[in-house]
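Asker: From first to last, the protein sequence lines stand for chains A and B.
Numbering-wise, the first sequence is residues 818 to 1127 according to the working numbering.
Numbering-wise, the second sequence is residues 208 to 527 according to the working numbering.
Incorrect hints may have been included.
Said to hold, decoys possible - Computed far set for chain B versus chain A, every beta-carbon distance over 10 Å:
#1 Ile218
#2 Ile232
#3 Val235
#4 Ile239
#5 Pro334
#6 Ser388
Claimed, not checked - 30 Å max Cα-Cα, derived DSSO-like pairs, lysine-lysine:
#7 A/Lys931 x B/Lys444
#8 A/Lys916 x B/Lys216
#9 A/Lys1066 x A/Lys1008
As the list claims (entries may be wrong) - Non-contacting residues of chain B with respect to chain A, defined by C-beta distances greater than 12 Å in every case (computed):
#10 Lys272
#11 Ala322
#12 Val333
#13 Val383
#14 Ala427
#15 Ala428
#16 Ile437
#17 Val442
#18 Trp453
#19 Ile460
#20 Phe509
Hints listed in this document are in silico derivations from the structure and should not be mistaken for laboratory results.
All figures in this text were calculated on a predicted structure; none of them were measured in a lab.
Built from N, CA and C at the ideal position, the CB exists for glycine as well.
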Amino acid sequence: MLDIKNLSVSYGKTRVVRNLSLKVNTGEIVCIVGESGCGKSTALKSVLMLDKNASISGGEILFDNKDITKLKTEEIRHLRGSEIAMIFQNSYLSMNPTKTIGHLFYETVKVHNKKAKKNQCLEKAEEIMKKLRLWETERIFSSYPFELSGGMCQRIAIAAAMMNDPKLILADEPTSALDVTAQAEVIRLLKYVKDNYNTSMLIVTHNMGVVANLSDKAAVMYGGSIAEFGDTWDIINNPAHPYTKALIKAVPEMNGKVPEGIEGLPPEFSDEKGGCPFAPRCYSAKDICYKNSPEKHVVSKEHIVYCNFC
Amino acid sequence: MRHLGTVCKKIAISAVQTAVILIGITLVTFFILHISPVNPAEIYLMGNSGNVGQVSQEAIEEQEKKMGLDKPFIVQYASWLNNVAHGDLGKSMTTSKPVKDEIAEHAVPTAVLTAVSLLITVLISVPLGIYCAVKKDRALDNIVRIFSFLGISMPSFFISLVLLWIFCLKLQVLPVIAQRSPKGMILPAAVLIIQCSSKYIRQVRAVVLEQLNQEYVMGAAARGVSERDILFKHVLKNSAVPILTWCGMYFGIMLGGASVIETIFSWDGLGKLAVESVTTLDYYMIQGFVLWTAVVFLIVNFAVDVAGDIIDPRVKRGRI
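This is chain A alone, in the form it adopts within the complex (with noise of 0.2 Å):
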């Protein structure tokens, strides 16, 4: 359904996403991780085109077989929250602090059909909320998001997100900004989408517990790259990349050990070297890693990994 293909995206002249390529199948869920600053979000945001300032400098985007990097402003904007929505990491402030949740919800139906009326979008929505178990819709319809809480803003976004029964989610962080009560509720609403709409999902985080509990695939990213692809849980028992293990490492438990952290700082994108991004800071790097690229590595049958020693 979303097949990424070599995607390099750019800030004026630094790349920041490089030759990454993902592949999302209908019903699944698919989880991108990886540190702050390794182009997670540039990539997911590249799908609808919403960066302003970032320029595709490479490769393809195929949703449902069309290459969205190659269609007009006016087909992007039809796919935008009709086919492919969005999910921010704080809802309540990307949705406007002068509007009401209910205009919201209108709005984003109002925008792909223009016959919708506007107390027909609002009975669908309430029935979209109550089945993710959002009660009192009249008082949240009537409400400003400044009125509402950031986990009640994130379920709501969920709500939104499914009102034009879109086949792709990318979230960017959804979960992030939220105590982990709500962290939980939000992660429960997805899968409850997932199962219930087979929906499609690529989902940004930073949490590997988001990744344990959501994901039926894992990508890490390190350096504006994917360092291993593959079955979720197949990448939390048996990771290859030195990255991921590490990464796996730094997850805190709760058994009162402080949690291994990554030496060094991830890469700055100005600087453009050859070789593994992940080499300097990497336990097991020989100097080929500076060198050459690395290569890919099938591990098992979607499993696969960009590693010179794997």
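Mind docking chain B on chain A? Use the hints.
Answerer: Positioned in the frame of chain A, the structure of chain B alone reads:
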């Protein structure tokens, strides 16, 4: 009902604030005039007799008593305030006409000048400011930026003199002395428009640009809202309150009378009246003028506040 309650409460608070501000402003002006070395009684007598320096000390003292200037400062102020409360702003010392009538008379030309200048300023600045924000750093934005800087950096008397020189002396298409005629209004209005638009365009641009960078803009785009709708239905609605506030500011400034511009072009408005009152130290006239300016600003501020309440739900719901 909740809405009505908050608005009523707001109006009550504003009324109290208004009273305090008015008393504060007039008290300060009164005090400044009081400590100025010039004796209003002397000025009054000189103005009446026209004999400069030939007023006897006795006559001055007698006049001081008449005008109540021998009483303590606070008593003088209180009696002035009492008169004002009864609608009496005193009499002009130079023309002997009631201050109220003088202000009313001069307010008309200023109001006409204000109405025309403000309307054109808004018609130029708001669309241009929005355009420059949307097409940031493009050709037109850069051109407008240069003209704005020029307009902001040049003092109004300089712009006035340049325009006078070009249109009255070189081209001779406009009269040097502006009578109360549409033709005579062109130049003073032009200077006001140049001055205010230069600032207003930049302010509108900044406000719209700030809104365009908010996250809800990308949020709306991600839901499929077109750029046009994002601008007109979301961004401009949220920019309306600050844009309106600035507009109110210019309205107040203009209605207070543009002293320099009105003096240069002999436009017989409040600004010119104010300059004349100060040069002749027309005590009550100055007081009346200060009071007028303060009242105009307070009314404009209040009107803008109420308009903001209606537009912005955050105010309506008592969040701000």
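Asker: The structure should be examined with respect to each hint, and the outcome stated for every one.
Answerer: The hints, checked one at a time:
| no. | hint | verdict |
| --- | --- | --- |
| 1 | Ile218 | 23 Å, holds |
| 2 | Ile232 | 34 Å, holds |
| 3 | Val235 | 39 Å, holds |
| 4 | Ile239 | 44 Å, holds |
| 5 | Pro334 | 21 Å, holds |
| 6 | Ser388 | 45 Å, holds |
| 7 | A/Lys931 x B/Lys444 | 22 Å, holds |
| 8 | A/Lys916 x B/Lys216 | 25 Å, holds |
| 9 | A/Lys1066 x A/Lys1008 | 26 Å, holds |
| 10 | Lys272 | 62 Å, holds |
| 11 | Ala322 | 30 Å, holds |
| 12 | Val333 | 19 Å, holds |
| 13 | Val383 | 50 Å, holds |
| 14 | Ala427 | 7 Å, violated |
| 15 | Ala428 | 6 Å, violated |
| 16 | Ile437 | 9 Å, violated |
| 17 | Val442 | 9 Å, violated |
| 18 | Trp453 | 19 Å, holds |
| 19 | Ile460 | 28 Å, holds |
| 20 | Phe509 | 22 Å, holds |
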